[in-house]
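> Sequence:
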Amino acid sequence: MAKQGVRVTMLDMASAVDDRPRAAHYAPCAIRELRRAGALDAVRAQGVVPGAMCWRKRHPDWEVAVKVDDFVQRSNPDMMTVLPLGQLGQVLMAEGQKEKNIEFRFGHEVVSVGQDDGGAWATCKLSDGGETVVRGDYLCGCDGANSIVRRTLFGERFDGFTWDAQIIATNVYYPLDKMGFEDINFIIDPEDYYMAARITQDGMWRVSYGEDPSFDKEAVLKNQPIKYERMLPGHPKPGDYKITNVGPYRIHQRCAEKMRVGRIAIAADAAHLCNPFGGMGLTGGLVDAGGLADCLIGIAKGWADPEEILDLYCKKRREMYHTVINPVSSDNFRRVSSKDPDKTAKEDEVINMYRQAGVDPEMKKIVDGFMYGPCYDFTQHYNKNASAKI
Numbered sequence: 000m001a002k003q004g005v006r007v008t009m010l011d012m013a014s015a016v017d018d019r020p021r022a023a024h025y026a027p028c029a030i031r032e033l034r035r036a037g038a039l040d041a042v043r044a045q046g047v048v049p050g051a052m053c054w055r056k057r058h059p060d061w062e063v064a065v066k067v068d069d070f071v072q073r074s075n076p077d078m079m080t081v082l083p084l085g086q087l088g089q090v091l092m093a094e095g096q097k098e099k100n101i102e103f104r105f106g107h108e109v110v111s112v113g114q115d116d117g118g119a120w121a122t123c124k125l126s127d128g129g130e131t132v133v134r135g136d137y138l139c140g141c142d143g144a145n146s147i148v149r150r151t152l153f154g155e156r157f158d159g160f161t162w163d164a165q166i167i168a169t170n171v172y173y174p175l176d177k178m179g180f181e182d183i184n185f186i187i188d189p190e191d192y193y194m195a196a197r198i199t200q201d202g203m204w205r206v207s208y209g210e211d212p213s214f215d216k217e218a219v220l221k222n223q224p225i226k227y228e229r230m231l232p233g234h235p236k237p238g239d240y241k242i243t244n245v246g247p248y249r250i251h252q253r254c255a256e257k258m259r260v261g262r263i264a265i266a267a268d269a270a271h272l273c274n275p276f277g278g279m280g281l282t283g284g285l286v287d288a289g290g291l292a293d294c295l296i297g298i299a300k301g302w303a304d305p306e307e308i309l310d311l312y313c314k315k316r317r318e319m320y321h322t323v324i325n326p327v328s329s330d331n332f333r334r335v336s337s338k339d340p341d342k343t344a345k346e347d348e349v350i351n352m353y354r355q356a357g358v359d360p361e362m363k364k365i366v367d368g369f370m371y372g373p374c375y376d377f378t379q380h381y382n383k384n385a386s387a388k389i
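Residues in the sequence shown are numbered from 0 upward in steps of one, following numbering that gives the first Met the number 0.
Relax, there's no trap hidden among the hints.
The following label-pair restraints were derived from C-beta to C-beta distances:
1. E130 x P174: 49 to 55 Å
2. D18 x K345: 39 to 45 Å
3. S74 x P212: 40 to 46 Å
4. E318 x E62: 36 to 42 Å
5. M362 x P76: 18 to 24 Å
6. P360 x V110: 52 to 58 Å
7. V110 x E62: 48 to 54 Å
8. F105 x N384: 37 to 43 Å
9. Q3 x T243: 34 to 40 Å
10. M362 x M9: 40 to 46 Å
11. P360 x A44: 30 to 36 Å
12. D18 x A44: 16 to 22 Å
13. P237 x R73: 34 to 40 Å
No more than 20 Å apart at the CA atoms, straight line, and that leaves these computed lysine to aspartate or glutamate pairs for DMTMM-like:
14. K315 x D304
15. K56 x E210
16. K241 x D18
17. K363 x E348
18. K177 x D201
19. K56 x E228
20. K241 x D201
21. K364 x D68
22. K257 x D304
23. K66 x D330
24. K56 x D339
25. K177 x E62
26. K56 x E346
27. K56 x D188
28. K236 x D191
29. K257 x D158
30. K315 x D158
31. K226 x D239
32. K236 x D176
33. K363 x E346
34. K257 x E318
35. K241 x D176
36. K221 x D239
37. K2 x D136
38. K342 x D191
In short, the hints are calculated from the structure, not lab data.
Even for Gly, the Cβ is constructed at its ideal location relative to N, Cα and C.
Given these sequences and hints, build the entire structure.
Here is the structure:
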């Protein structure tokens, strides 16, 4: 938006970019948004373009169910790229600081929002204990699963459900590649299911595994070495690896009843949640943000009717959640945590589709096209013959 001449103020309650272990894989439709933001060159320079992806059974001995050599589409300019989200935040902030139309305000905790016919505002608690009100024409809430913006609009209503599961996201240095693992691995098991993926150039891996949902943080940390020894190849002891982060969290499938009310809109985790297996949350969130930016650019330039295009944003992004993000991520979780790994490895529709894509170029094209499933181009609704407002 700032690159298009639209003034933007970013508010964040933290004092700096969040570096907790979170999502790291950017599918092709998310890569498009990073390119438009001017950040893709830095993301590619700092990140990793992964090799093969595979689904494995934990028993016996991490047996491969299917391996996809060109999962990331290396001939595609939008090829998947991996960079931990905290590093992406630094890249985007550095890019934003080049623009005169964007301002970053850390230490601003949004405690309430409001709107009238002339604009919208956020009341912020400052890190020094003070308070301020930030005003604008529109307000976009990207403030996460516990969004104050969403709660202001809808209270505690957030349609969907919480899985009876807990995921532990860990960042670890352990040479899984030397033990036969590919760059992206989904391990099917009713108890010891997990995803293991290389996420940095210096050999850090993200290992996200299922844990007893009744465990608190202390119990999670106590059980982590036991889980690692049981589920990772080589059955490592704590001295065999170096963990840099451990992040437990509950997983949900939820979507707000609307993604826009008047001059206030929500996007990404503030608007919808899904489990992490398959990276649909991060990708969907970036595509939300890019789509909402296009809507607001169209409004600012006089190319789009505000009511019409923001209603369309709400309709299309919720539609993408319910038809793509929710079903795909839900199926991925059910697959990786299958109670019958042998049957899943042999009969699962998606695993068999990947097998066919390995020998059938036409099926490979279809599978590659699925990567663009969450996309929607709001600029097709512009009327550029209309007079500009900025």
